[in-house]
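Chains as they are written, first to last, in this note's numbering: chain B, 1 to 298; chain W, 1 to 383; chain E, 1 to 391.
Honestly, the hints are just simulated from the structure, not real lab data.
We treat Cβ as the ideally placed atom computed from N, Cα and C, and that holds for glycine.
A couple of the hints might just be wrong.
[Said to hold, decoys possible] Under the rule of at most 25 Å between Cα atoms (straight-line distance), these lysine-lysine pairs were calculated in the DSS-like manner:
no. : chain 1 : residue 1 : chain 2 : residue 2
1   : B       : K93       : W       : K345
2   : B       : K92       : W       : K134
3   : W       : K134      : W       : K5
4   : E       : K303      : B       : K125
5   : B       : K93       : B       : K181
6   : W       : K234      : B       : K92
[Claimed, not checked] Quick look at which bits of chain B chain E covers, simulated, 3 or more residues with Cβ under 8 Å:
no. : region
7   : 10 to 24
8   : 82 to 90
9   : 258 to 265
10  : 269 to 281
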Amino acid sequence: MNTFFQTLIVGLRLGSIYALVALGYTMVYGIIRLINFAHGDFIMVGGYTMIFVIPVVLRLGLPAWAAVLAAIVVCALVGMGTELVAYRPVRKKGTNMTALITAIAMSLFLENLAQAIPAIGPNPKVASQIFKAGGIHIGTVTMEYTTIITLVISAVVMIVLFTFTQKTRLGRAMRCVSEDKAAATLMGINVNSTILLTFGIGSGLAAVAALMYMAQYPKVYTTMGALLGLKAFVSAVLGGIGIIPGAVLGGIVIGLVESFTTAYISSSMADTFVFLILIIVLILKPAGIMGKNIGEKV
Amino acid sequence: MKKNKTARGYFLNTAVIVLLFTAFQILTAAKGSQGAFKLVLVPSIWQCCYLMVLAASLNLVLGFMGQLSLGHCGFMAIGAYTAALLSLACERAEWFDGKNDPRFLAVLIISVLAAGLLAALFSLLVGIPALRLKGDYLAIITLGFGMIIINIINNLPFCGQDGLALGSAGASLYKNGLGFGSKAKVQFLWFALAVTILSLTLLFMFVRSKYGRAIKAIRDDEIAASASGINTSKYKVLTFAYSAFFAGIAGALYACTNATLSTSSFAFTNGGILNSTFVVVMVVLGGMGSLTGSAVAAVIMFLVNYEIKNGQWVSLLPASLSGIFEYPMLVYALVLIIVILFRPKGIFGTYEFSLQNLIPDIRNAIKRHRAAKAEKEEAKANA
Amino acid sequence: MKTSRFFSILLVLCMVFCIAAAGGSAFAADDQIIIGLISPNTGALAAYGTGIVTGADLAVEEINAAGGILGRQVQLIKTDDQSDPTECLNAFNSLVAKGVGLIIGSATSGCTSAITDAANEEEVCILSPTATADSITTEDDFIFRACYADSFQGAIAAAYAKQAGFDKVGVVYCAADVYSKGLFDSFSKACAEYGIELAAEQSSASLDVQDYTNQFTAMVNAGVEFVYAPYYYDVIGPYVVPQARAAGYSGIIMGADGYDTTPDYVVAGADLTAFNDVYWTNHYDPSDTSEKVSSFVQAYEAKYGSIPSAFGATGYDCVYMYKQAIEAAGSEDSVAVRDALADRSAVYECVTGTFSLDESGTPLKGAAIISFQSDGSTVTSKLVDVVTQLP
């Protein structure tokens with residue numbers, strides 16, 4: 001029974017991080033129907049920003065997590081820069097396919113640019129302790145505070161984003177753009193700046209995800225975003241891409257699947273099961289767990 | 001009239017290929033033992049061969065069918081391991097005696113075919129669920145598939161260490177029944193070229209057939225295509241399998257080129273040229289929808305990659321430039337972004353090279369060029 | 001139109017460069033001894049390549065300052081294999097085509113085994129700094145190495161477990177990594193030989209896995225007090241050790257040379273007493289006070305500002321091994337150097353130990369068993385024992 005709880009906690013720990021990352025994917029996909037492959041690398045950008053800012057923050061007498069503010073700014077700038085330099089020109093004249101390929105290229109570009117910067121280099125870096133150690137004890141099993149904080153942050157971000165897109169003016173503009181760009185323009189919405197804003201929010205979220213990731217898995221390296229981003233994207237698809245609560249649900253499910261496979265089936269085949277689950281769900285319910293199947297209009 | 005022209009085309013192509021082949025054999029016989037030819041040129045041609053087949057096979061899916069497959073190197077991995085292990089089994093069973101044995105040729109051909117067939121079989125497993133869906137799902141599922149395949153190969157005991165019964169699960173296969181050395185590469189160069197030409201021809205014929213027309217229709221408008229009676233799922237799955245077959249064959253050629261196989265070479269996160277993303281770069285650079293383009297781009301990418309790492313001229317460049325070349329991957333990412341931004345249709349667009357139309361094509365190009373120039377001058381004069 | 005012309009010019013240029021590269025061997029720097037170096041300088045394992053290159057560079061600099069080998073200066077031609085077998089073979093072929101007969105490389109077993117056949121065919125010497133797979137070196141070949149083989153390193157750990165009185169052990173390893181898997185294989189084989197029970201066996205799917213809690217929970221459930229975990233420093237420091245302790249595992253964690261430089265990869269501010277009871281085997285002990293090691297560590301620190309890793313040390317040793325072999329052979333001809341290296345009576349006094357090579361070309365040297373010690377805020381290494389022979 002202890003093993004079961006331990007596995008459950010590990011699953012939640014991984015899942016809450018996948019959920020946070022998946023929210024960023026879903027935001028961008030929801031509005032421009034683009035798999036932003038570079039999102040995982042925004043997390044890497046956020047991670048390295050914090051590696052460099054944390055010592056400064058500590059010297060100022062602030063808690064280590066305050067570095068996330070700098071990371072949010074940097075990530076949002078990088079995200080919006082990517083949109084302006086790479087995605088927008090392609091979206092104007094290219095097809096969906098070329099946009100997707102641009103996203104892959106941006107991901108490669110960011111990863112390798114980071115490696116070429118001397119201060120970063122190929123060696124991984126380890127962050128210092130961000131939150132105080134400790135947690136709630138259930139029997140012999142400990143649920144760490146960081147895990148709980150990550151879960152709470154995921155839930156809060158989910159609710160805020162959901163309310164934002166449903167209730168506020170800007171949020172409604174976003175949904176409008178995702179439904180029909182031409183109609184949105186006619187309604188007086190500035191489509192380009194709305195998309196830019198979405199990128200800013202999505203990438204800022206990547207910085208928050210990077211903070212929570214580093215609090216539990218304190219290693220930062222240039223390709224850290226590749227597999228993490230991939231699994232988070234799988235989570236977003238699993239939950240129903242473009243649906244904000246779906247991303248969180250998908251993330252938790254993927255985390256649990258990974259953890260329970262490791263503990264009970266085969267520790268070296270966890271990745272296989274994660275992707276098998278995705279394929280099975282897509283066969284049964286192509287729009288994801290929370291998605292609605294909509295026929296295509298002619 | 002039309003039939004006559006096709007026949008003439010076949011004749012012309014065959015004649016030129018035979019001519020080139022003979023010339024090549026003579027050249028090989030004359031220079032086969034020389035250092036640079038044996039060590040640099042021949043291995044380079046081998047690598048270009050499998051890259052060309054791989055890029056062309058992906059172009060079928062990406063360029064002609066309009067679906068992104070990010071797991072093509074997974075199919076290549078299946079092909080490479082199948083060919084390596086099958087030939088190793090034959091070697092252990094002592095079915096052939098050295099690489100000069102005529103029976104080795106039979107084993108080689110069977111291995112290459114088996115590699116293609118197994119890859120095609122796996123592609124059905126992926127393609128049937130994934131291709132029913134619309135949108136970018138194929139990209140995700142194939143990406144996942146590429147990782148699953150590597151994960152599975154890593155855990156198969158006969159795919160690691162010394163292979164087969166002597167093996168133990170691991171990421172590297174040190175023994176390979178093919179794995180040509182430098183001399184064998186020269187000796188079997190004709191085989192690599194023959195397989196490549198045959199594969200490209202078969203892919204070209206597919207594109208020109210009714211299947212090719214159907215998938216192009218699906219790419220341009222899936223709903224319209226299905227409304228005109230095309231069974232879109234069937235055609236998509238079929239094309240995907242056909243493409244995976246050739247990715248498997250490229251894998252078999254890869255197994256011939258390398259004495260050891262390592263799953264990390266086929267991984268999505270691999271930094272080398274053999275990475276599903278790079279195959280995408282080749283296809284985009286050459287032109288989505290041009291097999292000629294894929295083949296040429298594969299050679300260009302190979303040369304750029306090879307030269308950045310091993311060319312002597314890199315050290316002659318000013319320090320700031322050669323500094324960039326220490327990070328070849330950064331250069332490729334930039335190439336891809338620049339091509340997509342400034343020339344999204346790639347080098348060749350949808351142009352296909354053909355011997356028969358070469359002269360008229362050049363004539364047309366010159367004519368167009370002149371017309372454009374004249375127009376420009378006219379505009380200038382008007383201004 | 002303009003862009004297409006640009007591309008065609010680019011294409012032609014590439015062709016020309018290729019032909020130029022294929023045709024000429026312009027490296028006729030007359031009076032220099034040229035040594036080729038193949039290492040993964042970019043890509044996933046770039047950190048190892050950097051270590052080897054810096055170590056070898058330092059050695060060449062020292063040798064040239066001291067008058068070179070046989071009175072001639074040494075030049076190092078560096079190539080990058082991105083830890084990919086194909087790239088490694090390309091780098092090898094281009095070096096051989098330039099007339100290089102002595103090569104140091106590559107870092108990983110997968111890459112090195114991709115060029116062993118070619119090296120024997122072309123009669124070119126290969127001296128690998130860190131390729132540990134058993135099958136790489138055989139008798140009567142041109143392949144040598146400066147590190148011990150997996151079968152030795154894994155067996156040392158098993159012998160240590162036996163000696164410390166454990167008859168039940170567990171293993172956590174990475175199934176996708178050749179190094180980790182190779183050590184697991186040799187460790188489990190040695191355990192069977194010494195009559196130690198392998199009570200729990202867990203693995204991870206790739207080196208990108210972040211969470212090892214479940215694996216160590218399984219160790220706790222199996223009741224083992226000794227776990228062999230052959231991983232690298234960047235997994236051990238931030239992930240494996242803290243998570244193992246958090247999962248309630250308090251026994252010994254043992255590893256191999258990949259643990260080197262772990263103290264630079266621990267989480268500052270966390271409770272580092274977790275690193276007590278962590279042991280590992282290494283090629284050498286960086287805190288060794290002998291003249292050879294301390295002068296190397298000092299010179300390295302002065303040049304690069306950091307403590308050398310085992311990769312740096314073996315890269316450094318490879319250059320000196322070639323120096324000794326070339327001097328013994330009296331020329332840098334690859335066959336003569338091969339014969340000098342194959343001479344089993346030659347003794348190499350290196351940073352990673354004083355040793356001679358066995359019949360296959362693998363050093364016969366001891367392994368240093370090192371432990372980590374922590375007072376809670378820093379982690380230091382301490383030499384426990386030097387094992388030269390298996391029981």
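Status of each hint after checking the structure:
1. B:K93 to W:K345: The given pair, whose Cα atoms are some 11 Å apart, holds under the 25 Å limit.
2. B:K92 to W:K134: holds (22 Å)
3. W:K134 to W:K5: violated (40 Å)
4. E:K303 to B:K125: Within the cut-off at roughly 22 Å; holds.
5. B:K93 to B:K181: holds (15 Å)
6. W:K234 to B:K92: With Cα atoms ~33 Å apart, K234 of chain W and K92 of chain B exceed 25 Å; violated.
7. 10 to 24: With 3 residues closer than 8 Å to chain E, the region 10 to 24 of chain B meets the three-residue bar; holds.
8. 82 to 90: violated (count 0)
9. 258 to 265: Since 3 is at least three, the answer is holds.
10. 269 to 281: Contact hint for the region 269 to 281 of chain B vs chain E: holds, 4 residues under 8 Å.
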